[in-house]
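Visitor: Sequences are here, hints too, so could you generate the full structure?
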Amino acid sequence: MALTHLPPDHTAVRTTTMSTTRPSNPLVECRADPWVIAHEGMWYFTGSYPDFDRIVLRGASNIASLTTAPETVIWTRPEHGDMGGNIWAPELHRINNRWYFYFTAGHADKPFRIRMYVMEGVGDDPLTAVWGEPQRISSTWDEFALDATTFTHHGTLYYVWAQRPIQPKDTPESEIINSDLYIAAMSDPFTLATDPVLLTRPELDWETIGYKVNEGAAVLVRNGRVFITYSASATDHNYAMGLLWAEDSANLLDAASWHKSETPVFTTCEATSSYGPGHNSFTVDEAGRDVLVYHARSYREIVGNPLFDANRHGRVQYVYWDADGFPQFGVPVGDGVVPVRVVSESGDVLVYVPRETGDAPLACVDRVPAGVATGNASVISASQFRVAAQSDSDVTLIPLCAPEVALTLGWDEIDSVVGQGASFQP
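When we follow the UniProt record's numbering, the leftmost residue of the sequence shown carries the number 1, and every step to the right adds one.
Hints are supplied without guarantee of correctness; some may be wrong.
Unchecked claim - Straight-line distance between alpha carbons at most 20 Å, and here's what the computed EDC-like set of lysine to aspartate or glutamate pairs gives: (1) 260 <-> 203; (2) 110 <-> 82; (3) 110 <-> 51; (4) 169 <-> 143; (5) 260 <-> 248; (6) 260 <-> 322; (7) 110 <-> 79; (8) 260 <-> 247.
Claimed, not checked - Pair by pair, the computed Cβ-Cβ distance ranges are: (9) 132 <-> 301: 39 to 47 Å; (10) 81 <-> 354: 57 to 65 Å; (11) 165 <-> 122: 33 to 41 Å; (12) 79 <-> 143: 21 to 29 Å; (13) 206 <-> 70: 34 to 42 Å; (14) 62 <-> 30: 17 to 25 Å; (15) 416 <-> 308: 49 to 57 Å; (16) 273 <-> 97: 41 to 49 Å; (17) 372 <-> 335: 24 to 32 Å; (18) 284 <-> 154: 15 to 23 Å; (19) 128 <-> 347: 41 to 49 Å; (20) 270 <-> 410: 27 to 35 Å.
Just so you know, the hints here were simulated from the structure itself, not pulled from any lab data. Quick reminder that beta carbons are idealized off the backbone N, C-alpha and C, glycines included.
Guide: Dropping the structure here:
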């Protein structure tokens, strides 16, 4: 059967199911806390600059092109005063036809005296917008506060952020909570209109490795629910993502509306050499498919404070959805072109099965029915492949979960396993 070629990444597509340019990882090197927003045919990327001294932005006509897009400096910290310290986690939002950069900044004399700020930009293109002076956003107590994000739901603008709770001064260092996650409504993009509501506190074992941290919230509204991902623990290989959710019609300012996963939903993966994935955001690609944006390192061992290891790279991969409407992230996919899946017309998915005996390629693949194809991280990674070679009659696939394996399969063989009309999809 004839295969269609999609330059520039040479991914084969049997049908026209994929019309987007596939991005490669790392998407942008040395950009922790990555944020991507799609707006009117453009995608904009920002993240923490390695020197923690400025806010930068780049734009492109698709996600893949962000890798080589030129970068513009939007704002540089002053030499003195409240915003002269560490500049972290900028996010670009479009609210009421204006642009807003939310970010955190430390004091010049105390770089870790972190507080939250916002600045407004006027203009259609954020790269050339006229930006006002940053204004501080204050909660009801003055403590270490960071990683703010906003979203509008049923007409209300909400603000979600991380902040250190008030604790006794004699609290032992091992018991100090570095940051909880809170939510409040806003009266405008600069002002909180309600008292903070506690969403989550780092209490589970996987949230308290190195530091007791809940931070880096990102919001995704899908399938009748409001999902909030967040990150926890120290910024080394222990960093991982958790998940909160509430029903779409629930009172989001009622703590009882929120549910929390007991286990992390996205963690370090040795097989793909991806360590400490987290501080994510969400966007969509050109076809409207949900994309996870996050940072991770390609090595485990770090010398010194991991915060000052600049090699947390911005990365992307697709979000999958299970039969109950919950997001499934699989494992961090590692370097290279974002992998594909082989999916039949009925939605059944080809998966790699480790070979124990025999040499036939079909001994290494099997079928997972559509209804369970996104059930857990291991199933997702077993169904993701990179295309190593292709011809009119066959294709060589490298499984994400076994990068040392190369499977050369004819399309007739694939059809016999997974079902008729199999093609590459995210």
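Visitor: Given the hint of 34 to 42 Å, is the C-beta distance from residue 206 to residue 70 inside that range or not?
Guide: At 39 Å between Cβs, range holds.
Visitor: Indicate whether the distance between the beta carbons of residue 128 and residue 347 respects the range 41 to 49 Å.
Guide: Since the Cβ atoms of residue 128 and residue 347 sit about 44 Å apart, the hinted range of 41 to 49 Å holds.
Visitor: Taking 20 Å as the top limit, are the C-alpha atoms of residue 260 and residue 203 close enough?
Guide: 12 Å, holds
Visitor: How does the Cβ-Cβ distance of residue 284 and residue 154 compare with 15 to 23 Å: does it lie in that range?
Guide: 21 Å, holds
Visitor: Quick one: are residue 62 and residue 30 within 17 to 25 Å, going by C-beta?
Guide: 22 Å, holds
Visitor: Quick check: does the Cβ-Cβ distance between residue 270 and residue 410 fall within 27 to 35 Å?
Guide: Roughly 32 Å apart at Cβ, these two residues keep to the hinted range, so it holds.
Visitor: Is the straight-line distance between the alpha-carbon of residue 169 and that of residue 143 20 Å or less?
Guide: With Cα atoms ~13 Å apart, residue 169 and residue 143 stay inside 20 Å; holds.
Visitor: Is residue 110 close enough to residue 79, meaning Cα to Cα at most 20 Å?
Guide: 12 Å, holds
Visitor: Note whether the CB distance of residue 372 and residue 335 lies within 24 to 32 Å or breaks it.
Guide: 29 Å, holds
Visitor: What's the verdict on residue 110 and residue 82, does the C-alpha distance respect the 20 Å limit or exceed it?
Guide: Holds. Residue 110 to residue 82 sits at ~9 Å (cutoff 20 Å).
Visitor: Indicate whether the distance between the beta carbons of residue 165 and residue 122 respects the range 33 to 41 Å.
Guide: 36 Å, holds
Visitor: Lying within 49 to 57 Å: is that true of the beta-carbon distance residue 416 to residue 308?
Guide: 53 Å, holds
The earlier numbered hints are all upheld by this structure, with none contradicted.
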